[in-house]
Amino acid sequence: SQKIEQNSEALNIQEGKTATLTCNYTNYSPAYLQWYRQDPGRGPVFLLLIRENEKEKRKERLKVTFDTTLKQSLFHITASQPADSATYLCALDGQAGTALIFGKGTTLSVSS
Amino acid sequence: DVKVTQSSRYLVKRTGEKVFLECVQDMDHENMFWYRQDPGLGLRLIYFSYDVKMKEKGDIPEGYSVSREKKERFSLILESASTNQTSMYLCASSLEGAGNNEQFFGPGTRLTVL
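Here the protein sequences come in this chain order: A and B. Using my numbering, the final residue of the first sequence is 112, and nothing's skipped along the way. Using my numbering, the final residue of the second sequence is 1114, and nothing's skipped along the way.
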C-alpha cells in the first residue's frame, strides 16, 4: 500500500532563515500533492497544491517542489518568521483516486 | 467566508454511550470526510462521502458509522463509545474529485470517552 513519510517530526530554525520540510512517498505515483498548515487545537488549512507535471510552485514566501523520480516533495518557507511556527502536513491523492492520504506532519518552530 | 462547522468543540461522554458528531459545510461541496487525529499517528480517514446517501470506508471505520442525508451535512456516529475513541475528530469537505481539490477543515471536536 502507498506510504507517505515526513521524515522530521520537528524542525527548529532561526528567524529569517529558510525552512525546508521533506515529504517522501513510496509504492505509488500520485497525480497531486498538497501541503497544509495546522495550528494547535485547530483544523488544517490548505496552502499549496502541485501536480505531477509541475516541478515547482510558489506562493508568496512559500515554494513547493515535486520530484516524481525521487518520489519526494520539498516545502520551503523563505525569510521565516515566528508566526510561521506550526505543524505542516503533506498529503497525496490515494491510489484508489478518492480521499487524500496525509503524512504525520513536521512541527516547525521559528525562534526570534 | 466559506465554512465547515462542527457541532461541538469539546465533548465528554461515557463508555457505551451513543455519540453523534455533526458537520455542516456551506460551500455546496460534493465530498465530505471524517478524520481522527492522534499524537504520533497523524490524520487517519474514518469515512468519506462523495454524494448524498453515499459513503465509503476509510482506513479505520471500525466502531463508527456515518450518515449523509443532505448535501451540506455529514454525521459521524459512535454506536457505543469506548475509551480508545478518545481523540480529536476533524471534518472536511471538498469539491468533487480527489487530490486535485483542496480540503476545507472544520475546527475539530475533542472527544473524551470516560
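Keep in mind that a hint or two might mislead.
[Unchecked claim] Calculated from the model, a selection of chain B residues having no Cβ within reach of chain A, i.e. all distances over 12 Å:
(1) Arg1073
(2) Leu1090
(3) Arg1110
[Stated by the list, open to error] If you want a taste of the chain A side facing chain B, the calculated C-beta under 8 Å gives, among others:
(4) Pro30
(5) Tyr32
(6) Gln34
(7) Asp39
(8) Pro40
(9) Gly43
(10) Pro44
(11) Phe46
(12) Leu49
(13) Ile50
(14) Leu70
(15) Gly103
(16) Lys104
(17) Gly105
Hints in this document: simulated from the structure, not taken from any laboratory. Cβ atoms here follow ideal geometry from the backbone N, Cα and C, with glycine treated the same way.
Checklist entry - So which of those numbered hints doesn't the model satisfy? => result 2, 3, 7, 8, 13 and 14
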